[in-house]
Structures are given as structure tokens and as C-alpha cells.
Amino acid sequence: MELLLLLGTPVLGALVLWAFGAHRRAAELNVLFSATTFAAACALTVQVIARGPVLVLHEQFLIDAFNVFLVTLTAFVGLTTALFSRPYMRIEAEHGRVGAPRLRLYHSMYQLFTATMLVALTTNNLGLLWVAMEAATLSTVLLVTLYRTPASLEAGWKYFILCGVGIAQALFGTMLIYFAAERVLGAAGVTALLWTHLNAVKGQLEPAVLSLAFVFLLVGYGTKVGLAPLHNWLPDAHAEGPTPISAVLSGLLLNVAIYAVVRCKILVEGSLRSALPSQMMMGFGLVSVVLASLFLWRQRDIKRLFAYSSIEHMGIITFAFGMGGPVANFAALLHMTVHSLTKSAIFFAVGHAAQKAGTQLIDNIRGLLTLSPTVGWGLMLGSLAILGLPPFGVFASEFLILTTAMKQQPWATPVLLLALAIAFAAIFGKVQPMVFGDTEARRLPHPPALLPVFAHLAIVLLLGLYVPPYLAGWYRDAARLIGGP
Amino acid sequence: MNPLPLDLQLLNACASLLLLLSFSMLAQRRVVNLVNLLALQGALLCFATVLVALRTGQAHLYLSAALTLALKVIGLPLLLHRLIRRLGVYWDAEPVINPSGTMLIGLLIVVFSFGLAQPLAALASTATRSTLGIAIAVILLAFLAMITRRKAMSQVVAFLSMENGLFFGAMSATYGMPMVVELGVALDVLVAMLVLGVFFFQIREQFDSLDLHHLESLKEVE
Amino acid sequence: MTPLDITTQLLQVLCALALAPAFLGWVNQCRAWLQNRAAPSVLQPYRGLRKLLIKESVLAENASSLFRFAPYIVFGTMVAAAAIIPSMGTGLPMSLAADGIALVGLLATARVFLSLAAMDVGTAFGTLGARREMMVGFLAEPALLMTLFVAAMISHTTSLPLIAAELTNRAPALYPSLAFTAVAFTMVLLAENARIPVDNPATHLELTMIHEAMLLEYSGRHLALMEWAAALKLFNYACIGFALFLPWGTSREAWGPAGLALAAPLLLLKLALAGGALALIETVSAKLRVFRAPEFLATAFLLAVLGLLVHLLLGD
Amino acid sequence: MGFTFSYLNGCLAMLLAWGGIGLAGLVRPRSVEFAGRTLFPLGALCGAALAALAVASLAVPAEQTVLPLGLPGLPFHLRRDALSSAFLALLGATSVGVSLFAAGYFRRGEGTAPGLLCLEYHVFLASMGFVMLADDAYAFMVGWECMALSSYFLVTTQHRIPEIRSAGFLYLLVAHVGAISILLGFGVLQGGSWQFTFDAMRSARLDPAWASAAFGLALFGFGAKAGLVPLHVWLPEAHPAAPSPVSALMSGVMLKTAVYGMLRVCFDLVGAPQWWWGLIVLGLGLGSAFYGVIFAAVQTDMKRLLAWSSIENLGVIFAGLGLAIVFRGSNLAPLAALALMATLYHCLNHALMKSILFLGTGAVLHATGERNLGRLGGLIHRMPWIAWLTLVGVLAIAGLPPLNGFVSEWLLLQSFLFAGRVPESFVNMLLPLGAAVVALCTALAGYVMVKFFGVIFLGQPREPTLAQAPDGGILERLGLLWLALGCLALGVLPVQVIAMLEPVTRELLHLPALSWGSRWWLLAPPAAGQASYGPLALFALTLLVVFIALLALRVSIRQRTRRGPAWDCGFARLDPRMQDTAEGFGQPIRHIFEPFFAMHRELPSPFDAAPRYRVAVGDRLWTLLYEPLAGIVRAAADRAARLQQGRIATYLLYSFVTLIVLLALVL
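Chains as they are written, first to last, in numbering that gives the first Met the number 0: chain V, 0 to 484; chain R, 0 to 221; chain U, 0 to 315; chain B, 0 to 666.
Please note that the accuracy of each hint is not assured.
To be verified - To spell it out: a stretch of chain R is covered by chain V in this simulated footprint if at least three of its residues, at any positions, have a beta carbon under 8 Å from a beta carbon of chain V; those stretches are:
id, segment
1, 107–121
2, 138–146
3, 196–202
These are calculated hints, taken from the structure and not from any lab test.
All C-beta atoms, glycine included, are put in the ideal place defined by N, C-alpha and C.
With these hints in hand, go ahead and build the complete structure from the sequences.
Structure representation (C-alpha cells):
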């Protein structure tokens, strides 16, 4: 019931907003739908807390420790982003960057996007997972090109083609899994793509097939995660779309993609009993971290900067999942949570900052603290949080990941140390002059919607100091589920 | 050694034709011809699906074949043709980079795919298993075609050809995916095409052309 | 702490106060003789001190209270230093409170106050002198410390009377390490006491002077204290030298008052010899350019460190 | 669960109180009066209470507690033992003086709103305390980075000045890199137990190679915080940029947290350090001491001079630490106790005296608006309180008896002297050379300090505006007075101080109680042969002589003193410009140690109407180490950028190649 509400609300929202998206109150409607979704997610969470994992609708949907917090997180960030986008898009409209029809498209697609992500997270069916992932891409492509500028079109096109091709590989991988499962679970075709069933028999699945499948899945979903060198769509899409979309892309979509990768990894590793998937993930993770940190060094566009930071963090998470084991998995899950909150908070702040300065170019954004202290502090604290400074939660997960790496994969730590240092220098060196210093820009009358920024940062801060026991319990269960070499 | 049953012979012939079509798409310069080749590929796929359906008697394969027919043989090519006319790129042709080199790489890819499919085919219980290698080759060749193309339209055609390869692979390995998934995938492809249509107009509106070299401004090197 | 110890202590301080100007006078006299000049009396420094003490003191208009206190502090530290160097006897109660390292610290205190006072009025010469004095000091001080270190390592203590006693107790032997450090010490002594070749005590030539440049603004009793302190410093250095390199004859607690009676003339003899040697060195060497002084002192430092290494290598 | 008193809870309460005071600053963020008059003095009070608690608890056995915060499975563990108490006492005592001073100082307002400043300042204090109480790696790192972060914001108080921004950036960068290194070090130390508590690390038996790796990582991390050469580059930039009370805290206390960390890791967590670690620490320490002091000597900015001097002092502290490790590794526990005591003592000393100096410069800066030594001078007339109190710090840091700097120098030299007992004969030869370097550095420190004090406070004012400089206010004076009294007390009562600190060495080295003084006024370390030092007696004797001299001259001679124009060898017109400048004062050092400096000279041409001579001294390590490093990163970034040239076909090619390569891998 809660699940239906959870998945139904955004779909309904997409339809309703398709009809009324250009209405004066469409933004409020958007918030309302998001809030309802969030409420449903909370109800679902309560149910899971009370009764444990849930398997519903002919086993097609599964809520377990691994995805329950991601569902809530997605609904929550969906809500806060809706809150943020209300004033943001209004200002964009006032500036004449988007007209009424596009606002309609924006609101409708926003809800649809939420729906696809929630389906992807909750579904038990690997095929449905793929469908939802592809649908998520499609619903955001049009959002990326919302401004119809040459650059946004280019970004949208790259996003579409690269992710489309990538996700096609994932489909082939899914098919291979089906192929392997069919031999074990029978040709009935109904259960052979259900993750719970697969997980139960993963030891019997043919290793040769699964290893091939994993390559296709990793390349496929990895493209969506933004793992280097498959990441090239990511900075463009983040930089050229509207900022609320950058926030959800970075904060949510990447999470969903990595969730998909990990779900598959569980199966493959169970079948292979070798470290190959782990090693691949660690390799991708490290390459992403290093390349992203080097790219960070050269950025001129503030949204691009944080897009690369997302790649870096996805690299860290992938590396941690690759290492496996209870601590690293735990840390990776925590990192997913805090990265999503922090990065979306940063994008909120960045959105306001760019609007206030009238540009996305780092060199032209100066003296935010003077221009708007709250935006300035939001950006500063958010950046510090994402850079892994305590007491923010990102530090907690990086702490666990690094210490684990030191013990399990000591060869990787110099690389990580170097990359983190470079990333720190790059990001902080660019954020500091934006926040501090003087500016000639005059204050704009628009009051920024900073509740989402500080709400996110407050939660991240809390998670750095105190992880609620049931959340920790989910992390632990999920970490056990994910296992490792 | 007995000769293969007729339907399997036909199926193998289909598969070989698919591979051939992939190669010709790799070499084809005219966009319109590319679309036609794609339609032909779709038709072959549809035909193969029907063959398999006949052989196995699985009902959902008929549905799948119908979907393929509707979508890939009729729907998409029609849509693409309309787009080509509306966009006025009917006579568009593009240089193919070093055709012989591309072909050679394509050949290597085919060898590689066959090698890849070897262990899989040994495991498959389907009668169509031997065509799995061709499916992989079609996918990878389409990938190669995407890499070598300079026009948005031809890139999209290559992309759709890749989807065809995927479907063919699914069919040869497992007689198709579960219906839910197949429907979902088909929906996605349809929506993707609609989105692409929108895209093409937007791009042309912006750049007066569908040439991809306009879409190379977002980059890291100066 | 026996009465004898206290007597030795008092006697030694008074003796230092009394003999220091005479020693300076003796050095000057010897130098004059060696240079074929008419020699001033040994007592000339006393006369100078007396004259200065009864004269009115003129302070520069912008001199601060630091400038007025500095002579007392410099003088006080020099007397304190005299109290811990075993010139006559080793049974010094004060030497418990301050060992060789503390002695170097005391001397450094005097130097710092002297330099600060020189900078106080803000004249060109004062700051110049202060800078040069500190330059000499930062090289001479570690050299002196290293010299003490060698002796301390030989005798396993940094307490000066104990070092002197230990060195006396040892069978007379050739200590190469001590030989190195003796040379180093002599160089430090010359530099620290404003003697040729580092400084010329007899000149007020701006390009060369160090110590005198710092005293230019002093007059009257303040100058008297400064001059007296300088004489004490020379005396102290000589006594450090005796303690380290010529410890024989210093009174031991076990010898009782007789030892003290024997030590006094021996000290005079040592002083006389040292004064002569000092005068000789000053006569045969030429004044160095100020920029050369660091090299001279670096050599001293190097020699002291070499002495240390030689000691560690040969283990004597 | 009732609240039971323990010293740990008491200390924690004080830290919380600091946090509360900081938050209270946000109540009226723009009110200078509220923060200055109420909150900072309250903070000083907390500091005093913390110091008292810490001192009282030094000899009390270790106490532990667990907070219901932190990571799941790893709540914040806290533990107070003698080592923590010693450094808490240092923190508390120093903060009293600094907070009192700050109460007066911040009244004049800085870039950041005073309420916010108050928050940052007190969070900085509390996080330093938290670092010293932390008993698990996570709590430690949280405290450690909070410390870095809060001080970063304090450093960038005047963020409108570009130099301050870049100083802050460099500071936080180095701090963060160092922190990651420390974190990795903890990762090694936990030894596969997945327990990040220090207790688990103590019981983990690491093999020597891993232990050495942990040591190396810790040395890098803590060395970066302590400003050991070549990781010192941030220090001369950040310390001058901060408001003076913050510079005082950073130099005085924050740098000591690095020492605390090293002690904690090497003596407590690893348990048995290897002797050659000590050699590395010693070498780095001596190198930093020397490098720091010669650079201090050639500075022209007074706060930068002090920052370099901090590098020197931390170098000396690390030298002592290294020596202690060598001794401990060679099983010479009593000697290790001596060296360790020298280290701890110098930590305390440096905290007090460097705070005095930084606060002194703060007062001067506020009174004159000038940091450049070339525009100061003669302030002893206008600011007698500040000048005389600063003089105490100057004399102390120059290592002159009877003040405290000398005590630690004495202890350190004593421990060097007996290094000959180390079994490795080659080390035996090397160690006394260390004594030579320490001696040289101390002497040079005297040089630096004479320059510092002489140029700022003595002589004639170099600018006419200086004549208007007001003396420090009552709170400033009180703060400085507290610290100066501390210097004096530490200087003349070493036996008592050492008796208080002794539980630390006992705890770290597992030694029985040793006797450090033969009498209450006579310091006689057990390991140091028959050497002894009685500063009180020495002080008394010197004062007695001074007194007698004064009395004798006053009573017997009765000469008047007259004021007249300066003599100056008869030059008629005395001009402030005739005085030696700061550059001039540094000239001998520049001359003697020329190869160490990167000098840029601007020489006037003979036809110049307004000839100007300028010399700027740069850090060679900057060009030799850091610029190439940045160049490498830049070059790598440029290389990487070529991967992304905007063409979608290329991107597809990457995906394709990745796919093929991975497929080939599993094939």
C-alpha cells in the first residue's frame, strides 16, 4: 500500500503537472507531490522498521536494508530539491531563460524522474531495474536541454548517446544473467530475473556467463555512475542543465546507478567466488578518483567543478564496495548517503550563487559572503563537508574507507592520498575566493531558499557525530548482504 | 552428420545476413540508405523471432515479433524517414573514415565476439545458441559504427542497430526476455525515439545542421 | 655547605671583583711592552673606574629605563658568573646552582642586555655595535658550549668545579680533544672580550669597533659598571680556561684553608701567564675585517666540534 | 546513572563550557561589547578551571569514559591520563592569558563579526582540548580536523586581503593532507582488529615494518602540523595572517598538539618505538630548528619572524622527542625520561613565551597598524607595559637564565651530553653533534630576539605616527602579565614543575618515581650525573649583586644623572633613519648562511634620483620542492585534459575500448 503510494504519487504527479505544469501554482504542486512521496517513503520506512524486509506485488518489489534508506533519501532529496527549485525556477523564468511550456515539461519530468528512480530502487526484477534506469535517463535528457542553449543541447546529446549506449550494454548483461539463471531456476521466465531468487541460487549460476555479464553490467551502469573513463557525459550534463536537476542527478541518479551495480555485484561475486569483480570495481574507483581530481584542477565552471567532485566520490564509493567486507561496505553505504545530501546541498548553494553573480564562471563569482552571507556560508560549509572535513559525515565514511584501505589494499593508499590532496587543493582553492573577498556585484532582492541547504548540512553533520541505530542497522545488514572477498 | 532442420538453417541464414547488414551499415554513406538497412535488420529480426516462435511454440515470442514488426520495421524507419524529410537531410552523406581500416577492425571484432560467445554457446540449451556470437558481433559492430559516424542521424541509426543486436542476442540465448521486460524495453525504445525526434529539431534549430562537429564545444582541452 | 665553602665562595667573588681590572691592566701593560710603547700602570683601569664613578652620568634624551638598568644587570650577571667558576677552590656552594651550561646562559644574558641597551638610544653606532656583538655571540656561544661539552664528557658532569676536580685527578696525559678545544676556547675568548683580531679595544673607529660602539652613549657610573663588567668578563674567561685546561692547583675541599692559601698565588701566576699570552697573540695578529669575524668564529666552532668528535672517536 | 565527579568529566565540562560560550556569541553576533566584556573573560575563567583540573589530575590514574556520540560501533572514547593532563594544563594556562588579552583585543573589531569570531575561537580551544582527551582514532581525527577548520576560519578573519586568503588556503591544504596521513597511520595501528580505540591499538602487536609505516605516516601528519621543514611552508604564511591572539594560540598550543600526537603514537600506541625512528625525528627537528632560526633572523615582518621562530622551537622540541625515542628504543629509560622531560618542558615554555610575543605584536599592531619592522621603533616609551612584558617573553625565548626557556634548554643539553650510552656506536658519534646544532640555534634565537625587541621597542620611532601609539588596555596587560608570571614561575621553580610533570614520563616510559631535585630549589635530574641547576639561587645572587651595586652607588657616590642629547660620536643631527633597519640587522645572517636563502636584490643604479635598496628573502624549498610539485600536478592535469576533447565519438571509443579490455580480461 505504502509502496503503491510511493510509486504512484510521482507518476500521478507527472501526469497532473503535464496538464497544469505551467500554472501559477505548479511549483507548489510539485512540492506537494514530492512531499506526499516523502511521506509515503517515511511510512514505508516505518513499516520496514516494524516488520523487516518487504516483498510485494508478486515479488516484483523488494524493500530490504540495502534500499530502504536509499528510498527515503531519494524521496527526501526529491522534496528538498522541489523546495529549492520553486524560487530558483521562478527567478529563471523572470530572467526569461525558461518559458511556460518548458516549465510544464520541467515539473512533469521532475516527477517522472523521481518515479523512475524509486522504481529502480524498489524493484526486485533486474529487467525492470534496467527499464527504470533507461527511463530515468530519458526523463532527464529533456531536463538537461531545458535552456535550449547550444551548450545544453550538446550536453543533452552526449548524455543521451553515451548513457544510451552504456545502458544497452547493461541490458545485454541483464540478459546474460537471465540466461544463466534460466538454467537453474527453469524457463518459467518469471522468477529468473527476480533478484531475491537469483540471490538464493547465486552459488549455482554459471561463473563464465556471470563474469561476462558483470563486464557488460559494470560498463553499462558504470556509465551512469560516471566511472572514468565512461564519465564524459556527466560534467556536461551537470553544468548545462538547471541546477535543481544537477542536484538530483548528482545526489540521486548516481546513487541509483551504483545501487544497480552493487546489486549485480552481489550475484556475480556469489557465483564467481573470485576477486575479479572486486578488483574491477577497485580499479574503476581508483581511476575515477585520480582522473577526477586532475580534472578538478582545471575547472572554470562552478557546476562542472562539483560534477567532477561527484565523479571523484563515486570513485571512492566504488573503490570501497570493491574492497568489500563489513567495514568498507558500511562506509560506502554511509558515503552514498552523505554524499548525496552534501552534494545536493552544494548544488543548491551553487545555484543561488550563480544566480546572484549572474554567471557560472568561477572567476566571476566573488565575495559571496558579502553578497549573501547565507549562500556564502552554505557553499563554504558544503564544500568543506564534501572535501571530507569533520565533523561532517563525509569524513566519517572516508575515515573508514581510508583506514580499511590502509589495511586491506595498502598499495592503493598513496594514490588515494595524492588524489584526495589534489582534489582538496583544486576544490578549495576555487571555492575560497568565491566565498571570501570583495565583489562589485550588487545584492539581488531574491531571498534564497536556503532551508534545504542547511537542512542537508545539518543531517550530514549529525551523521558525522551520530548515526541513528536503525540506520546503522540497515547499513550493517546491507554490508553483510553485499559481502566481499 | 544430419543437416540442420530447415528452420534452423533459415535462422542461421538470418543471423549471417544480420552480420552482413551490420558491415554494410559500417560502410554506408547515405543516411537514407542507413535507415533502410536498419529496417531490413528489423525485418530479419522479426523473421527470426517468428521462426523461433514456431519452433518453440512460446506465445510471447509472437507478441515480441509483432512488437518488432510494429516498432522496428515500420514505426522507427517511418519516423526516421519523416524526420529526414522534415529536416531536409535527405541527400546527406558523410565520409566514412578509412573504410578498409574500419572493416578490418570490424573483422577483428567479429572474431573476438565469436570467441566470447564460444563458452556461452556451449552452455545454452536453446537451439539458437550458435547465433549468440553473431548477436554480440552485431552489438559491437554497431558500437563501432557509432564511433565512426559524424552525423547525428547516422549515429542514432547505429544505436538502433545495436538494440536490434541486443534483441537478437536475447532471443538466441534465451528465446527472449520475460514479457514485462520486453514490453518495458520496447516502451523505452519508443520514448527514446520520440525524445530523439525532439532533439533533432532542437539541434537543427540551433546549429542549422545535424553534423556532430557542432557538438564539440564542451571539453577540457582548450 | 661548610664555613670553608662559604669563605671560598666569598673570597673568590671578591677576588674576582678586585683582580679583574688589574688583569686587564696587566694585559694592556704587556701589550705595550711587546709593542715597544710606554706601558700604562697595571692600576690604570682602577683609576679609570674611579674617575667614572664620581663623574656625573649623562643619559641620552630618549634613553629608556632599560638603558639605565642594563649596566646593573650586566654587572650582576658577570659577578654571578665569577661566583661559579672555580678559580681558587672547587668547594663553591653557588656552583650547585649553576653549571657550565648555566654559565654560558649567564654570559648570554649579559650580552643580550648589553645589545638591547645599545639599541635603546637609537644611534647608528649603537645598533651597529649590537648587531655585530650578537653576530659574534651566536657563533662564540655554541663554540664555548662545545668546549665545555668536551670537558663535561670527559668528566661526566657539567658542573665546573667537578670538571676541574676530575681533570686534576686524572693522570696527566695528552688529550687531543682538549687540545682542539683549547684552541677553540682561545679564539672564543679573543672574540668575546673584544680583543684583536676580532675587535680592537683601543679604537673608536666606526668601521671596526664592536664592543665600544655599544658603550658610546654610556657615561659616569653606568659606564664604570659596564667597563668593570667587561674586565670581569675577561677575568671570568681566563678562569674558565684555567678550570678546563690548567686545573691544577685549584683548592680542594679536602685540603682545608691551606689549599686556599696555596691556590691564591697560583691563580695570580696563571693570570700573569695568561695575560702575557693574550698580549702576545694580540700583538702578532692583525685586526680582521668585521665580515671576516664569522669565519674566524666558525673556525672556533668547528674546532670545538672536532674536539668533541675526537673525544668520541678516541674515547679518552 | 548519577553523575560522578572525575577529573575527566570536569575537563570535558570545561570544553563544553567553551563550546557554549562560543555559541552564546551568536546571540548577539555584532556586539563587540558582549563578546569582549563578557564571553572572552568567561572563556578565560574556563581556561583557568581547566588548567587547575588538569594540574590536579596529573598524578591521578587514567580515567575513561564513552560518549554516546560517534560512529555506530565506535562511539567517542575519551581518556584522561597524565599525558593528556599535561597538555590540557598547557592549553588551559595559555588560554587564560590569551583569552584575557583577546577580550581587550577584539573590542576593536576585525573582519568577521565578533560573535562569529567568538564562536570560532572557542570551538578552536575546545577542539584542541578534545584532541587531547580522545581515546579512539575517530574522536581524535574529529577533534583534529575541527581544530584545523576553526583555526582556518580564524586565520581568514580578514578575508578581503588576498594574501590572507592564500595563506588560509595553504594552511588548510597542508593540514588536511597531514590529517589524511595521520588517519592512514591509525589505519595501520589498528592492526586488523577493526577496533579504532586506542586501547585496541595498544594491545595490537604490530610487526616492525608495519609499526614503522605507522610511525612514518604519523611523522608526516604531525610534522606537517608542527611545521617541520620541509612541511613548514604554511606556517610563516598562516600565523601572520591570523589575528594576534589566534596566532598566539596556534603557535603556542596548536603546534603542541602535534607533539602530543607524536608522543601518543610513539610512546603509547606503538608501545615500543624503534631507536632509528628517533634518529629521523631528531634529524628533522634539528634541521627545522636551524632552518627556522636563520629565516627568523632575516624577516622584516614581526609576526612572520615569530612564525619562523615557532618553526625553530618546534624543531627543538622534536629534537628532544627524537632523542627520547632513541633512548627509549635503546632501553635507556632514565635518559629517555630526561629527554622527554626536556621536550615537555619546552612545550610548556614555548606555549607561554610565544603567546607573550604574539600578543605583544598584536598590541603593537593595534596601536600602530604596522607589522613591518622597518616602520616601528621606540615603542618602549609609548607602550611601557607591553614592552616590558614582552621583554620577559623575549628573554625567555632567547634561553636566558633564570627564565623558563633556559630550563628546557638545560635539560635538553644534559640529555644530549649523556647520549654516549646508546649502544650503537655510530649514533653515539652523531648525537653530540645534535647538541652543537641546539647550541647554535639557541644562540641564534638570542640574535633573533634582540633584533625583534630592539627594532620594535627600542631606539627612535621610525615613523612620526608612532608617537601616538597607546599602551595596551587593562585586559591586555592582565593577559600578558599572567603569561609573563607563568614564564617566571616555570623558570625559577623547575623542581616543582617537573615533579608535577613527572607522572607523564613515568606513564609513558613505565618507570618508577625518580627524584629530580636534591633540594626544593635545586634541579638535579637523576640521569644527568652530578649536574644541577638552581635558578632561584642564581637569580637571588644576581639580584643581590645588582641591589648592592645600586645601593652602593646611590649611597656612597650620590651622583646626579643628567639628560642630554645623544652623543653618537659627535654627530650633530640624529635621525631615526640612521638606525640599523631590520634588514640590516639580518645582514650578517644573510651573509653567513647565504646558500640557504633565495634572495632577490634590487640594487639602485648610480644615476637614480631616489635610490632604493631592497632585498627580499625567499624560501628555497618553495622553489625546490613545492613549485615542481605543483608543476607536476598541473602537467598531469593538462595531460588528463587531453582525454576529454569534446568529441562524442572519442568518448564512445573510450567506452568501447573499456568494454573490450574488460571482456578480454574475463575471457
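So, going through the hints one by one against the coordinates:
1. 107–121: holds (count 3)
2. 138–146: holds (count 3)
3. 196–202: holds (count 4)
The structure meets every hint from the earlier list without exception.
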